[in-house]
Amino acid sequence: MINQSVPPNLNAMFRLQWEQAQECFVLLFPEGMVKLNGSAGEIMQLVDGKNKIVDIISILHKKFPEAGDLTDDVHEFLIAAYEKKWLYYE
Amino acid sequence: MNNETQTKVGPPLWLLAELTYDCPLHCPYCSNPTELGDTKDELNTEQWLDVLTQARAMGAVQLGFSGGEPLLRKDLEKMVKHARELGFYTNLITSGIGLTEKRIAKLKVAGLDHIQISFQGADPEMNDIIAGRGNAFEQKFKMAQSVKAQGYPMVLNFVISKQNISQVADIMRLSCQLNADYVELATAQYYGWAYDNRDHLLPSQQQLIDAEAIVNEFREKQQGKGPQFIFVTPDYFEDRPKACMNGWGSTFLTIAPDGSALPCHSAKMLPLKFPNVKDKSVSDIWQQDFSFNRFRGDSWMPQPCQSCDEKEKDFGGCRCQAFMMTGDMDKTDPVCSKSPDHHLIQEAIERAKNPTSPLLERVNKRSIKDADIVQIKL
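Protein chains in written order, with this note's numbering: chain A, 967 to 1056; chain B, -1 to 376.
Hints are computed from structural coordinates only; laboratory data are not their basis.
Just so you know, even glycine gets a beta-carbon here, dropped at the ideal spot from N, CA and C.
Any given hint could turn out to be false.
Stated by the list, open to error - Simulated DEER-style distance windows between Cβ atoms: (1) B/167 - A/1048: 27 to 33 Å; (2) A/975 - B/6: 35 to 41 Å; (3) B/37 - A/1024: 56 to 62 Å; (4) B/285 - A/1041: 39 to 45 Å; (5) B/174 - A/981: 23 to 29 Å; (6) B/308 - A/969: 43 to 49 Å.
To be verified - Some but not every residue of chain A turned toward chain B, in silico, with C-beta under 10 Å: (7) 978; (8) 995; (9) 998; (10) 1035.
Looking at chain B on its own, in the form it has when it is part of the complex:
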């Protein structure tokens, strides 16, 4: 049966604009590619504004400004203004390093809807060790307060790993102290730097069970008041994979700093040629490009996915994860207990109990000194 004359693909509702891979922090859980590329290849302002216009015309409505650290782009306010005028709901996904009260205000005037600040721990000691930068916690704390004070919805993102999972209760208390509206307790996913550091990051099953119990207990005590906590656990301990990106090329569109258009932020690792917005229209990319069509529908699926009655639920899982672990991007995500490669997950869990290689700190092409950030302070 020919699947190609199927229904036209829906709109890319979510656009992730990765403005740069440059970042002042060195988090070992970073999902950016370990080959960070060159800032001279980054899209310029005009190119980004055009991408936003095109994507919005296609129906994109949620927009994330991310990276690396998006605050390192001096043209961020211009992009925010343009996005808001187009009708996007705009989210700034930031470490908070480089934020000032003045910039928070400027962004609000430009029309920014929401600022999400990441934290790496519940206290300066843990936070700054993971982030690899002194005074990071202090800065984030101050800026989180300012974000709230200036009337934004206040969203915090704590990346959870073996390194800080013992702090879950304190993290939740900190979130209450900051009066956060939403808090993501997001166990790191293993892409990019995080994949190389996985043995140091993957918590044990017991740690996750304990953390989940703490989260649930805390939620009960809240009785509907205070921050809304979302706890995301690693799929390594599930027996069915996640419906990655809601299905390849179905909802999410990522534009990397150099203009590469991707169905997800880690897809560049795959043996596929991805298009670039410098050469092709967003519409052409989303609807026609071979790489975007490659895993749409189910005709590409191998067994056991092809005959599985859950294939429309999880689409066979994550292509990047299948590739990283089995070397074959078509294979069933090894997380699935039906996958003939499921043992690879179990082996990874074992290895994480005793890491043998050292933790890799995310290394930028250039070290970002305080002076670089001060220049961008407005």
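With the rest of the complex left out, here is chain A:
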């Protein structure tokens, strides 16, 4: 189901923002907010319509070398985010 070469895009209804007061990234939408935990925030930051999934994984590997192979985690998260309509694929 996941196409490695299509970059995911953030759904225009949502805005991703770092919130210092909550020390995490949040997704903001009409009258609502989703708090993203550490890894969710790291991944969503890279969802920009340009980074393909392989790019996202490789960037995170470089940033967190101690985390080991993140491929499955990233896939799992992106599937969940797609189901929640936080992102879409052209």
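Once you have looked at the hints, place chain B on chain A.
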């Protein structure tokens, strides 16, 4: 055990800015206080901008511009711009009366994130009777289309009551026609004018069951496409109360038109002295004020709440509802089946079957003619 040296209270994530209680409509379900106050006591632009700055510094991130009708403030665009620059996600909660294509565009340039338009019915007849104003439906319909066309997320709010609950299916069809993104089917809550009119507004349990069935059927047919419908039913038919405001003074901060800082938009009715942003800082208000601390934690709770294993789920319900119905703001919300006052809810449901007093139309201090609104059209 002393609860006072507890963890510092979290940030007021949601700020509701009630810019004015003035409004061109007369909805009987309005939750504004029946004492609407005077526009000359309203905060001015500078005062509002300062409130926004202070609240944002405390971590507020969702901001609602509401009222009354916020469009009646000519300085709305200034406030939106400032809010957006501060990093707020900005929501305009409006009747749509007073909106024009030009103003929608101006607000977008100022940085407004979302416009929510209220509807009072699925057609002009129902809508305009409830709103108490001719051509309201037509105006709302046109503006809803323009909001969508100008690239905003399009959110509709239908206040549901006994008066219009039979129109739920048509309401959902209208929402699809308008290509709404989110739709709130919000059964009126009973505060302010809505409390006085409750007998005319509270649907019967059967009406709610039927409406819920219609909503679920419609959702199934949608198969994930089209508007996302949220159906909120009145707590009178539940046996546990809502976790009002996510807990008193925990997440929500309301600033009323005259600068009163409240934990919710109806709290002014309570026998508590609330602070004003004209005199105190938002930080001082949120963290130190007696009224905000009054129902934080659980040391204030009476029985049965004090010993209840669900107290951390619903915090004993709504203080305003407890006060309105029992006269005592500390008591368990009568919605709870554990409340010794639960019979009051059952009595209210009975009375709503046969209203005896007339429906009160929300009456503004001044009648807002079309000319007033035209002046504000940009």
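Structure-based check of each hint:
1. Between residue 167 of chain B and residue 1048 of chain A the CB atoms are about 31 Å apart, so this pair conforms to the stated range of 27 to 33 Å.
2. In this structure the hint that residue 975 of chain A and residue 6 of chain B lie 35 to 41 Å apart at CB holds, the actual value being about 39 Å.
3. For the hinted restraint 56 to 62 Å between residue 37 of chain B and residue 1024 of chain A, the CB-CB distance of approximately 59 Å keeps it satisfied.
4. The beta-carbon spacing between residue 285 of chain B and residue 1041 of chain A, approximately 43 Å, falls within the hinted interval of 39 to 45 Å.
5. Checked against the hint of 23 to 29 Å, the pair residue 174 of chain B and residue 981 of chain A passes, with Cβ atoms roughly 26 Å apart.
6. Range check, residue 308 of chain B to residue 969 of chain A: Cβ separation about 46 Å, and the 43 to 49 Å hint holds.
7. Restraint check, residue 978 of chain A versus chain B: the minimum CB separation of about 8 Å is within 10 Å; hint holds.
8. Here the hint on residue 995 of chain A is kept, as its CB sits about 7 Å from the closest CB of chain B, short of 10 Å.
9. Annotation: residue 998 of chain A was flagged as interfacial toward chain B, and the flag holds, the nearest CB pair being 8 Å apart, inside 10 Å.
10. Because the smallest distance between the Cβ of residue 1035 of chain A and any Cβ of chain B comes to about 33 Å, over 10 Å, the interface hint for this residue is violated.
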